[in-house]
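Colleague: Take these sequences, add in the hints, and give me the full structure.
Take a look at the letters that make up each chain.
2 protein chains.
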Amino acid sequence: MKIVCSKSELLKGLNIASKAVPNKTTMDTLECIIFDCNEGMIKLIANDMDLGIETIIPGTIYEKGVIAIDSSIIINIVRSFPDSDITIDCDYDYKTVISCENSMFNIVAKNTDSFTYLPKYEKSNPIIISKITLKDAIRKTIFSINEKDSNKVMSGELFEITGNNLRVVALDGHRISINNIKLNALYEDKSIIIPGRTLNELTKIIDNEEGDLFIYICDKHIIFEYDDTTVVSRLIEGKYFDINKMLTDNYDTKITINKKSLIDSINRGLLLINDGNKKPIIMKVNEENIEIGLNSPLGSLNDVIDISREGINQIIGFNPKFMVDALRVIDDEEINIYLMNAKSPAFIRDEENTYIYLVLPVNFNSI
Amino acid sequence: MKIVCSKSELLKGLNIASKAVPNKTTMDTLECIIFDCNEGMIKLIANDMDLGIETIIPGTIYEKGVIAIDSSIIINIVRSFPDSDITIDCDYDYKTVISCENSMFNIVAKNTDSFTYLPKYEKSNPIIISKITLKDAIRKTIFSINEKDSNKVMSGELFEITGNNLRVVALDGHRISINNIKLNALYEDKSIIIPGRTLNELTKIIDNEEGDLFIYICDKHIIFEYDDTTVVSRLIEGKYFDINKMLTDNYDTKITINKKSLIDSINRGLLLINDGNKKPIIMKVNEENIEIGLNSPLGSLNDVIDISREGINQIIGFNPKFMVDALRVIDDEEINIYLMNAKSPAFIRDEENTYIYLVLPVNFNSI
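As they're listed, the protein sequences go chains Y and H.
With the numbering used here applied, the first sequence corresponds to residues 2 to 368, in that order.
With the numbering used here applied, the second sequence corresponds to residues 2 to 368, in that order.
There could be a bad hint or two in this list.
Example chain H residues on the side facing chain Y (calculated, C-beta under 7 Å, incomplete) [unchecked claim]: (1) R269; (2) G300; (3) D304; (4) I308.
List time: in silico SDA-like cross-link candidates among lysine to any residue, alpha-carbon distance up to 20 Å [unchecked claim]: (5) K285(H) - N342(Y); (6) K322(Y) - S81(H); (7) K240(H) - S131(H); (8) K8(H) - I57(H); (9) K8(Y) - K261(H); (10) K261(Y) - N290(H).
Some chain Y residues close to chain H (C-beta under 7 Å, calculated; not the full set) [claimed, not checked]: (11) S81; (12) R269; (13) I313.
Hint data in this document are derived by calculation from the structure and do not stem from the laboratory.
Given the structure is predicted, the values throughout are model-derived calculations rather than measurements.
Glycine residues also receive a C-beta, built at the ideal position from the N, C-alpha and C atoms.
Modeller: And the structure:
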């Protein structure tokens, strides 16, 4: 195999494919990126069975072939070269010369005998969505999954398609994060659970350029296609929680507050928390302001923030981290928080329900 | 004690004083920064006996007093506040309110009974040097000290004053790094060894503004004074190595080479080195170029870089890390390397000997 491609395109492709290389593995081939140049194009592929990524990069093929190269070695080598054309030349016994201008590495590549290619599916009826919109919806919910929970469905996100609405849902035992996306067409109703790892890696490889992404939902897999990249992931099997019964539009108190002031205040409270003491942040809602308090063995915090309020006064406690997690992914400067009482969840949501964050309260009297 | 100062000045002062707070200590008071407001100014002090720092910050004293506050807590609290005036108000039993705008922390400060103030010395005949020049000379040599060596003098830098020349020297068993600074006056000849930690912290707290720094050399201490900050450090006792007999102006080969090309090439070689294999970088000096090579179980590198050369051809091996350490602190784009033979050290130096880096070669045949 002999190919020539530009450093920038090669590095971009390697960075994309490498996201399907597992961090720890005992199988040599899984640590590799496959260069498949047998079909007239340069394909970079990695696949660990749960997640597979294939991306095509521009370049010239002087000699066909398929080889596997250790992912971190090839990425480091390519990164170390000047911004110029790079030649990868592998002979019949996998001795490989990687060269650029006056610099040349000799390494040994591997055969691909034990490599499993991405599963092939009949693809039809894609769901079409803007790359940036999808990336944004994942980023704004993914922090709420619980990857370590024994209940597998909590380690993934629910993608629920109803007509022209895609609802992205993540939850653990203490909170629910929801983003609703309006699609450009009507689709068949579907409900699938996608592994958190897949979605995390997807947000890393999707660039910030305008463009569409195509989603194909298959039997046990989901396929994301955009530009020259294909991502195939296993789906999580099982039944997701019935979140609709946890959602409500009722409230006794509606607060409108500057998001940054609230984040800054809760972050101050977090300074008084360490591994040994988990204390709630107490919010005392008055007519024109909210008092934010936290007591810990290290000291106490008392902040006052102006708000506008509908409804009644409240005193309610929260895990400060869960509050901050939700607040910091919201783009709005002013946010609305809806409360019922000290034992009911708080809802942070915009008027259109583009985003809904449910955070369970903490019983602060018993702590 | 009650004081008011601006967030920016308080944070700047805390960051300076905190450099004398040891990372690990069993003594509570050592983890603290002292606020000493008994003498009409706000002094922030930290001292762990080896290194002491005192800095004066602008602000208003409403009530005199001296208290100690945990360094990381007070820094985090001050950092978390908006950019405004901060009030620190400590009552007779050390209950302390730290407030800024609508935000208020309550913590407990400590008394300073077990705190040791900086030693007082009669100061005379300071050595005057530009802050930036001193910081630069330390940065360009300090990487060569060996803090873990059982020989204490290797964990510090030699400051050697001869007439109007300050020579700053750092070395371990494999290399020597020297910077020569021209002073603006003639001083008494002196030779002292300053702990590496002191110099490292000094480079962190000296800002990049023009200005003079005053050095007082006392019996067992050195005092650095600049702006409103005083740094007192113990000196290392013992006799430094006689480095003059290791230095020579003779050479058989002089190479002039682009520094960045050489760094890039050696860094590529470092990609093939891991904990399990320490391989030398081999330099083959030809008439018009230098071949850079490295062989390891992971693969091999062969680079060619154009040079201009005086003298004879050479083949010589080096620890790539030691070469890169020296190269990356040199500001010159083109550098000169002087070689004698494969068993003699290489010298990297400019014509004026502003900097001299000696790197011992590695016997690459035996590896």
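Colleague: To test your reading of the hints: which numbers does this structure violate?
Modeller: Structure breaks hints 4, 5, 7, 10, 13.
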